[in-house]
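Participant: Sequence:
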Amino acid sequence: MNREDFPILSNSNLIYFDNGATTLKPKCVVDIVNDYNTKFTANAHRGDYKNSLTVDTLYDNTRDKIKDFINAKERSEIVFTSGTTEGMNMIIFGYFANVLKKDDEVLITESEHASNVLPWFVLQERIGIKVKYIELSNNEVVMDNVVKAINDKTKVISLAHITNVIGDVRDIKAISKVCHENNILIVVDAAQSVAHKKINVVDMDIDFMAFSGHKLYGPTGIGVLYGKFDLLKDLVPRDYGGGMNAVFNKDGYVELKDLPDKLEAGTPNIEGVIGLCASIKYLNSIGIDKISDYEHSLRAYLIERLEELDFVTVYNKGNVDSSIVAFNIKGVFSQDTAIYLDKYNICVRAGNHCAKILKNVFNVANTCRISLSFYNTKEEIDLLINVLKNSKNIWEEIL
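Using this note's numbering, the first residue of the sequence shown is number 6, and each one after it goes up by one.
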């Protein structure tokens, strides 16, 4: 599906199954980034000449495009970051570090990415909040367990919309409803979902959310922090400098600009922002629902073929609504499997996938992960299966 739009696929026999780590880039993204670097390079909102005004228009249009893409109410609720990790850290240290108090509780799960775990651990150490875990049922979040985990000290529930190893899809709208009925704020890590499912932050009633451009077929080094305006306005900037202040003087008086500028100090990743706009336009032209349906059917086929191999363990067969499959060859270390597959130009991820607590759920520390995209095919899956069938030679080939 649309494989011809991706230059890297037309120039090699690459089978790229690591889309959860980063996605390949369509030609429209490559072209606009090249155009910025070769035709109209300039800083954003710093100049009064033609190239600068061209950049200003493209940069500002991106914020509007993202607002519409996630259905935010206002463009001022869209803040550019370097990625999901920076967005989560800004949310946790810029907002929650200033409103949470000792013994307040934050609920996460054992399958969260490090960027939704480690910052909360820091607040636990610094101010004495308590990080608690929503129990997983068959590796998934179910509403009964969410409700059971809440008490009068619960102030935040912070969850991935789709987790990066198990691939379970959380019902954010239902969880948000329970949160707000109990005066709890909800934070959503949308890194693994934004390119695969339609997100409507108003309908889902999300308080804060973060995602990365490079998992959305855009450039690396660009991401988005979303927050409801009334919450986001109280987020304390992490960085201070050019572009985010309205005035300052030698006596120490400082007046910051309004949102979103006050949270975007310094020269931004302009080519990243412009490239992200191109990627969103591209995805809109295909349709997220069409992408989602295709990827789900592809994952079902992958599971069907993997089940033919009795020496392969699949850890998340039941998570049918995502594009992620975690597996191991029995008796083979996951990185060895990845090295073996690479000899056949098949790219998979191996390791703990920045979800180190998850070993408590799987009882295994490392897995191979296949994360699919709409440019993957059944033919590629068939080639993978054929290579795995010959994996008895794995030690001869990688040693």
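No lab work stands behind these hints, which were simulated from the structure alone.
Hints may contain errors.
What the hints assert, rightly or not - Computed cross-link-like contacts, PhoX-like style, restricted to lysine-lysine with a CA-CA straight-line distance of at most 20 Å:
1. Lys78 / Lys158
2. Lys202 / Lys238
3. Lys106 / Lys72
4. Lys44 / Lys55
5. Lys106 / Lys202
6. Lys286 / Lys70
7. Lys203 / Lys233
8. Lys160 / Lys238
9. Lys262 / Lys233
10. Lys158 / Lys72
11. Lys238 / Lys78
12. Lys255 / Lys203
Participant: Next, verify each hint and record whether it holds.
Facilitator: Hint check:
This hinted pair does not check out: Lys78 and Lys158 have alpha carbons roughly 30 Å apart, beyond 20 Å. At most 20 Å may separate the alpha-carbon atoms for a hinted pair to count; Lys202 and Lys238 exceed this at roughly 28 Å. With a CA separation close to 32 Å, the supplied pair Lys106 and Lys72 exceeds the 20 Å bound. With a C-alpha separation of about 11 Å, the suggested pairing of Lys44 with Lys55 holds against the 20 Å cut-off.
At most 20 Å may separate the alpha-carbon atoms for a hinted pair to count; Lys106 and Lys202 exceed this at roughly 35 Å. A threshold of 20 Å between alpha carbons decides the hint, and for Lys286 with Lys70 the separation of about 8 Å falls inside it, so the pair holds. Taking the CA atoms of Lys203 and Lys233, the gap is about 18 Å. The hint holds against a cut of 20 Å. Restraint check for Lys160 and Lys238: the C-alpha separation of about 19 Å stays at or below 20 Å, so the hint holds.
A C-alpha spacing of about 18 Å is found between Lys262 and Lys233, which places the hinted pair at or below 20 Å, so the restraint holds. Of the pairs offered as hints, the one joining Lys158 and Lys72 is violated, with about 33 Å between alpha carbons and a cut-off of 20 Å exceeded. Distance hint between Lys238 and Lys78 is fulfilled; the C-alpha atoms sit about 14 Å from each other, no more than 20 Å. For the suggested pair Lys255 and Lys203, the alpha carbons sit about 48 Å apart, so the restraint of at most 20 Å is broken.
Going down the numbered hints, you'll see the structure goes against 1, 2, 3, 5, 10 and 12, while the others check out.
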